[in-house]
Amino acid sequence: MTRALIIGGGIAGPTTAMALQRVGLEAVLYEAHPRTTEEVGSYFTVTPNGLDALRAIGALHTATAIGFPTHKNVLWNDRGRRLGTIPLGDALLDGTASQTINRARLSRALQDEVIRRGVHLEFGKRLVDASTSADGRVVARFEDGTEATGDLLIGADGVHSVTRHIIDSSAPRGRYLGLVNFGGSGNPVVSFGANAEVLPCQADEVAAGDRLRGSSGNM
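Residue numbers for the sequence shown follow numbering that gives the first Met the number 0, beginning at 0 and rising by one.
Hint data in this document are derived by calculation from the structure and do not stem from the laboratory. Nothing here was measured: the structure is a model prediction, and the numbers come from that model. Please note that a few of the clues may not be correct.
Claimed, not checked - FRET-style restraints, in silico, Cβ to Cβ:
| id | residue 1 | residue 2 | range |
| --- | --- | --- | --- |
| 1 | T148 | A64 | 15 to 21 angstroms |
| 2 | D111 | T46 | 19 to 25 angstroms |
| 3 | V39 | S169 | 29 to 35 angstroms |
In this text, a Cβ means the ideal position worked out from N, Cα and C, and glycines have one as well.
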């Protein structure tokens, strides 16, 4: 059986592993960080096309069990002026709308689901190098000195992907663009920051705002 080594056990990694498993490939997941229950990161919204991808691999419940439906984003500027509203796509045929979810919780839910399905997942495995062996297979090497061999290597290790730079050392690196984003939900109001504006918000809305940082990094 073809074996895929997937680097990154966050969201894309487990999702890819379940998709490969459904077509008869063996997937092995390697996550750089130890297993944790900490709330690392913030919230994000999975729109219907992403939810449909989860539905296709029988994992839609991992999102809907921990998210809340969000039909639109409401945009505000730093002076509290409402700039506009952005619809978040048409619901799935069963009525499931976009889901706003804590990223760390969705990651844990997907990790639990792949383990339940029998996918091998190892934590504390930070990729440092990879090469092709004489027989054409890929050998992944980890920071702890261990190795893994497979038929293909898949990078799902984020914007600062080690896998990407092993494959192409000239690949562009992620860079900070000076944009700060924040968001929240509430009914009837949400507020942000020490000098917060009170932003009216409906139950199915997420309020979002952004502001450019100066070169000093200050708001």
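Cross-check of the supplied hints:
In this structure the supplied range 15 to 21 angstroms is violated for T148 paired with A64, their Cβ-Cβ distance being about 36 angstroms. Taking the beta carbon of each, D111 and T46 are about 23 angstroms apart, inside 19 to 25 angstroms as hinted. Evaluation of the 29 to 35 angstroms hint for V39 and S169 yields a pass: the beta carbon distance comes to about 30 angstroms.
Of the numbered hints stated above, the single one contradicted by the structure is hint 1.
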